[in-house]
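Protein sequences, first through last, are from chains R and D.
Its first residue numbered 1, the first sequence is counted upward by one per residue in this note's numbering.
Its first residue numbered 1, the second sequence is counted upward by one per residue in this note's numbering.
Please keep in mind that the hints were generated in silico from the structure rather than gathered at the bench.
Don't take every hint at face value.
[Claimed, not checked] Straight-line alpha carbon distances no greater than 25 Å define the calculated SDA-like cross-link-like pairs of lysine to any residue that follow:
1. D/LYS343 - R/LEU162
2. R/LYS147 - R/GLU79
3. D/LYS53 - R/TRP212
4. D/LYS53 - R/GLU79
5. D/LYS31 - R/HIS182
6. D/LYS31 - R/GLU79
7. R/LYS145 - D/GLN237
This structure is a prediction, so every number in the text was calculated from the model and none was measured.
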Amino acid sequence: MADDPKPDAPEASKPGSEAAATPPGEAAAPPPPAPPKPAPKPAAAAPKPPPPPAVMQTAPWESELTASLKEEFGDAITEFSSYLGQNFLVARPGAAIPILQSLKDNHGFDYLVDITAVHWPKRDEQFDLIYVVYSFARNERIRIKVKLKEGDRPETAVDVHLTADWLEREVFDMFGIEFEGHPNMKRILMPDEWQGHPLRKEVSILGMDNNWVQQNLGIESGQ
Amino acid sequence: MSGTFLDSTELVLNMGPQHPSTHGVLRVIVKLDGEKVTGTECVIGYLHRGVEKIGENRTYAMFAPYVDRMDYVAAVSNGLGYCLAVEKLLNVEAPPRAQVVRVILTELNRIASHLLWLGTHALDIGAITPLFYCMREREATLNIFEKYCGARLTTHAFRIGGLQYETYEGFEQECLAFCDMFLPKCDEYEELLTGNRIWVQRLRNVGVLNAEDCKAYGVTGPLLRAAGVKWDLRKAQPYSGYDKYDFEIPTCENGDSFDRYIIRMREMRQSVRIIRQAVADIPAGPIMAKVPKVIKPPVGEVYVSIEAPKGELGYYIVSDGSTQPYRVRVRPPSFVNLQSLDKMARGSLVADLVAVIGTIDIVLGEVDR
C-alpha cells in the first residue's frame, strides 16, 4: 500500500511544475496557475481505486536452479516467485517430498530449516504448508509452499530430513495436519488430551479448551 | 520370574520435569539397561504459552516485548531477529548508528548467554566454583542493559526501525571497561576447567554429533561449529552490518561436549573483539528509521534469521496488510537442537546424559514458546 502512492506522486507533480513553468515565460498571467492545480488532483485520485491489491507483489524467480527443477518436475511446480529478494516455489501437494529429496541430492540443499503452516479458512485450500531449506554449499535459502485442503494428509519428510520429526509434530499439534508415514504422529507442545488445534484461525485466543483447563488445573478458565 | 536380581532388565525412568540438570521443565523418559541409556524421549510443552498465537492477536509493535520471553537469557537476540524481520517486511533499514548499538548489545548478550551456560553446565558436571565467577561477570553485562533500557533480562532494547533510546553518558567507556575486565576472566575460567582432568574426562567423547548428523537434525550454532562446520549466519548472510567487523568463526573437529565448551569460550572472545571494534566507531546520526506510527506492512511474507547464541533463530512472518501479523512463526534453535538429544545420548551412561543435556544449551522458554 505504501509503495503505490509514491510512484504516482512524482508523476503528478511533474505536469504541475511544467504547467507552472510555461505561463511565466509568455506573460504575467495569474489565472494559469489555477487550472493546473485541479489537474494533478484527479491524477492523484484516479490511481487510488487500484491500491487495494491484496496480493503479494511478487517478482518472477528465474535461475539455473528453477530451470533444472522445471525440467525435472514439470507442472508439479506451479510457481517460482521472489518477494523482497527471498525466493520460493509453490508445488502441488504430492510433489513436496520428491522436490525436497531432489534439492538435497542434486542441488545441495541439505539443511531443512523449518516446517510450518498458515491457516487461511476462507480459501478452498485452507492451509499453506511451508518448508524452508538452506544449502550450506550455495549459501542460499528457499521456501517450498504447498497448498492443502482440510483433511489432506501430506507425506512426511522424515525420510529425507530427520529434523522433520518434531517440526511436523508441531504442525500437527498446532494445525491438525496429519503427516502420512510419520513415525510418531502425536502432539508435542499441547497436552495429549487437548481438544482442538490452537493456531487455526477459528480458535479464539480466549476460550480454548476450557474443559481441559477445568479438569486438569482446577481453575475456572485459562483467562 | 526366573533368574536372579543380577540379571539386567530394561528400566524406564522419568528424568524431570523438575530436575536440576534440565534447566527448566523438561521431562526426559529414559530407557536404561543397567546404567546405559538405550533410548530417550523428550516430553516438552510445560512452558508453552502460545507465543505464536499471541502474535496473531497483537499489533506488530505490541508483540515485540513477547519475543524477549522466549529465550529469556538472550532476549536481545530475540528482539533483534523480530525487529529485522518486520523491518524487512516494511522494506526499511535501521540507521547506521542504531545498527552499531544493536551489534554491541547483541554481542554483550551473547556473552551473558554463554556465561550462564558455562556456569550452570559446570555446576551440572560438579564444578561449583565457576558458577559464581560466571554470574559475577554476567552481572556486568546486565548492568549495562539496565542502564541502557531499564531492564536486565527481558530487555526489549530495540524498536522496529531502530532503537527507542539513545545510548547513555559513558556507554562506550563502560563497554570497553567490560571488555578489558572480561578477557582475563576468560583465561581464569579456562585455567579452572580446560586442563582440569575431571572436566575433560566428563566431556571428552560424550554426546558426539558429527557434521553429517548435525545437518540431518538441523542442528545449528555452537554444536554445528564444534562438529567442524564453519558456518555462522553473521558471516554467511550478514545482517546489521556484521560484515564490517573483523572476527573469526571458531571451529573444532570432534563434535563432542568438550569441543562445544571450547567453541563457546572462543566465541565469547570473538564477541569481545566485535564489541571493541563497534564501540570504537559508533557513527553519529538518527537512531530511528522513518517508520509509520501504525505499522502496516504490505501483503507479503518473509523469513529472516539471525545467529542467536544457541543457533539459527528465524522469524517467518506473514502480513495480510493489516496492523497485526497474520502469522508469526518462530524457528527456535533450542527446539530443533534438543531433538538431537536421543542421537547423542544413546549408548552413553546416565551421568553423561546430564552432561549432554547441558551441552546443547537449551532454554525451555524457547523450546516450548
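Here is what the structure says about each hint:
no.: 1; hint: D/LYS343 - R/LEU162; result: 11 Å, holds
no.: 2; hint: R/LYS147 - R/GLU79; result: 12 Å, holds
no.: 3; hint: D/LYS53 - R/TRP212; result: 18 Å, holds
no.: 4; hint: D/LYS53 - R/GLU79; result: 29 Å, violated
no.: 5; hint: D/LYS31 - R/HIS182; result: 22 Å, holds
no.: 6; hint: D/LYS31 - R/GLU79; result: 47 Å, violated
no.: 7; hint: R/LYS145 - D/GLN237; result: 23 Å, holds
Hints 4 and 6 from the list above are not met by this structure, while the remaining hints are.
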